[in-house]
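Student: Using the sequences plus the hints, can you model the full thing?
Residues are numbered in the working numbering as their position in the sequence shown, beginning at 1, plus a constant of 89.
A portion of the hints provided could be inaccurate.
Listed below are the simulated BS3-like cross-link pairs for lysine-lysine, each with C-alpha atoms no more than 25 Å apart in a straight line [stated by the list, open to error]: (1) K213 to K251; (2) K251 to K211; (3) K263 to K296; (4) K205 to K231; (5) K242 to K266; (6) K204 to K242; (7) K251 to K204; (8) K213 to K246; (9) K251 to K231; (10) K294 to K231.
Label pairs and their computed distance ranges (CB to CB) [to be verified]: (11) D197 to D248: 42 to 52 Å; (12) P346 to N203: 21 to 31 Å; (13) T412 to G217: 17 to 27 Å; (14) D442 to T260: 26 to 36 Å; (15) K263 to D208: 35 to 45 Å; (16) I128 to D163: 17 to 27 Å; (17) K395 to K251: 13 to 23 Å; (18) D197 to D442: 17 to 27 Å; (19) Q145 to D278: 22 to 32 Å; (20) I128 to K263: 47 to 57 Å; (21) R359 to N301: 38 to 48 Å.
Just so you know, these hints were derived from the structure itself, not from any lab. For each residue, glycine too, the CB sits at the ideal point set by N, CA and C.
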Amino acid sequence: MKKLLLSIEQSLKMKNLFAILLFMCVVPYFVGAQNHFKIDKYLSGVIVEDICSDGQNIWVASNGRGIFSYSLADDLWNNYSTENEKLQHDYFYSITANDDFIWAGSIDGLFIYNKKREDWSKRKFGLGGQLSNWIRSLEYDKYADVVWIGRFKYLTKYDIKKRRFTDYDLTIGKDEKTNTIKVIRVDGDSLVWFGTEAGLHKYDKSKDMDENGAALFYDNRYNYFQGDGDQVSISALLTEQNNVWIGSDEFITPDRPNYNIGGLYKFNRRNRWDRFDNSSGLQGNGISCLELSGNYIWVGTYQFSKIAKEPYGRGIALINRLTGEISIIRDDRIPDSIKCSYFDGLNIWFGSDNGIVKIYLGNKLAVWDNGE
Numbered sequence: 090m091k092k093l094l095l096s097i098e099q100s101l102k103m104k105n106l107f108a109i110l111l112f113m114c115v116v117p118y119f120v121g122a123q124n125h126f127k128i129d130k131y132l133s134g135v136i137v138e139d140i141c142s143d144g145q146n147i148w149v150a151s152n153g154r155g156i157f158s159y160s161l162a163d164d165l166w167n168n169y170s171t172e173n174e175k176l177q178h179d180y181f182y183s184i185t186a187n188d189d190f191i192w193a194g195s196i197d198g199l200f201i202y203n204k205k206r207e208d209w210s211k212r213k214f215g216l217g218g219q220l221s222n223w224i225r226s227l228e229y230d231k232y233a234d235v236v237w238i239g240r241f242k243y244l245t246k247y248d249i250k251k252r253r254f255t256d257y258d259l260t261i262g263k264d265e266k267t268n269t270i271k272v273i274r275v276d277g278d279s280l281v282w283f284g285t286e287a288g289l290h291k292y293d294k295s296k297d298m299d300e301n302g303a304a305l306f307y308d309n310r311y312n313y314f315q316g317d318g319d320q321v322s323i324s325a326l327l328t329e330q331n332n333v334w335i336g337s338d339e340f341i342t343p344d345r346p347n348y349n350i351g352g353l354y355k356f357n358r359r360n361r362w363d364r365f366d367n368s369s370g371l372q373g374n375g376i377s378c379l380e381l382s383g384n385y386i387w388v389g390t391y392q393f394s395k396i397a398k399e400p401y402g403r404g405i406a407l408i409n410r411l412t413g414e415i416s417i418i419r420d421d422r423i424p425d426s427i428k429c430s431y432f433d434g435l436n437i438w439f440g441s442d443n444g445i446v447k448i449y450l451g452n453k454l455a456v457w458d459n460g461e
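Tutor: Structural data, given as structure tokens:
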């Protein structure tokens with residue numbers, strides 16, 4: 090019996106080792122010879138704001154064309170929009186899912202799709218007025234079976250089993266931007282991070298949200314974020330065992346050249362903040378999205394023009410999370426204006442202002458997780 094268990098353990102180790110070695114070969118090769126890799130394009134002309142999966146389908150939130158779903162098994166797309174009368178709204182900015190439901194955040198409240206009944210319902214929020222019904226970020230928490238809802242004003246937790254919505258005011262001092270939620274990231278079974286227009290909240294789920302010590306706030310005071318900029322607006326979050334990767338917005342003008350200077354920060358969960366920006370090798374200081382596959386972090390970048398006062402897409406960078414080495418992905422098939430990303434274990438999906446590109450990174454012998 091001991092020999093059998095030892096044999097199984099050794100087989101699993103070899104399988105995991107093979108997957109890691111294959112991935113280590115695939116990604117560096119992709120950097121040097123991208124045109125040899127399979128890249129598919131979908132939804133041309135669609136402004137894609139967010140991408141998620143329920144395990145069977147890829148779900149896409151679009152700005153102006155409703156919600157799209159893609160069946161991985163059947164290779165078929167489906168659309169829910171006012172055009173086909175399957176939805177009453179077309180402008181969505183965030184999406185998340187579990188086995189039973191899809192939650193989509195719009196500029197006019199939360200839309201919920203019941204997969205068993207195959208119908209949509211809508212939830213609007215009273216606290217904060219109409220502007221607070223702009224849902225900019227959604228994250229399903231599988232550990233607590235809740236959905237975290239990031240609104241333009243206020244945070245909301247939806248308890249699925251109890252069907253209960255609870256609102257929270259995260260304002261620090263009198264700065265309303267600390268209560269303007271832009272991005273949410275569940276960090277294992279114990280933490281959730283909430284990125285705002287003026288800093289980052291870390292919430293300990295073992296405590297009630299309103300309890301003292303339940304949350305810690307990071308902005309550019311006390312040398313957090315190296316003390317950079319007048320403010321730090323959080324645009325993307327990614328967690329791994331030892332670090333939290335934090336993308337920030339670039340928003341600067343001739344009158345305020347130090348307002349939001351952007352950059353990507355690697356926070357070691359204690360007191361070290363390492364910064365990556367154009368001086369490190371990134372194409373732009375604005376960070377639009379972050380995705381983890383193996384030992385590599387995919388970074389969507391942009392640059393903010395002081396004169397035109399508009400962001401310009403600067404493509405994708407690839408960072409080795411162990412060495413910090415940066416490589417720039419150059420491929421004419423991939424748009425420069427990347428807005429969101431999702432890794433399904435075999436493919437990495439990038440949403441842009443002109444549809445989706447899917448990059449195939451694996452084969453049937455290897456599947457990589459997100460390092461959680």
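Student: Next step is simple, just say for each hint if it's right about the structure.
Tutor: Against the structure, the hints:
1. K213 to K251: 18 Å, holds
2. K251 to K211: Holds, because 17 Å separates the two Cα atoms, which is no more than 25 Å.
3. K263 to K296: 24 Å, holds
4. K205 to K231: With Cα atoms ~19 Å apart, K205 and K231 stay inside 25 Å; holds.
5. K242 to K266: Holds. K242 to K266 sits at ~8 Å (cutoff 25 Å).
6. K204 to K242: At roughly 29 Å apart (the allowed maximum being 25 Å), K242 and K204 break the hint.
7. K251 to K204: 19 Å, holds
8. K213 to K246: With a Cα-Cα distance of about 14 Å, the restraint between K213 and K246 holds, given a limit of 25 Å.
9. K251 to K231: OK: K251 and K231 at ~15 Å, within 25 Å.
10. K294 to K231: 13 Å, holds
11. D197 to D248: 42 to 52 Å: At roughly 23 Å between Cβ atoms, D248 and D197 fall outside 42 to 52 Å, so the hint is violated.
12. P346 to N203: 21 to 31 Å: Check failed, 49 Å falls outside 21 to 31 Å.
13. T412 to G217: 17 to 27 Å: 44 Å, violated
14. D442 to T260: 26 to 36 Å: 32 Å, holds
15. K263 to D208: 35 to 45 Å: 43 Å, holds
16. I128 to D163: 17 to 27 Å: Holds, since I128 and D163 (Cβ atoms, about 21 Å apart) stay within the stated range.
17. K395 to K251: 13 to 23 Å: With Cβ atoms ~49 Å apart, the hint is violated.
18. D197 to D442: 17 to 27 Å: Between D197 and D442, where Cβ atoms are some 21 Å apart, the hint holds.
19. Q145 to D278: 22 to 32 Å: The hinted range 22 to 32 Å holds for Q145 and D278, with Cβ atoms some 24 Å apart.
20. I128 to K263: 47 to 57 Å: Holds - the Cβ-Cβ distance for I128 and K263, about 48 Å, lies within 47 to 57 Å.
21. R359 to N301: 38 to 48 Å: Violated: the Cβ-Cβ distance is about 22 Å, outside 38 to 48 Å.
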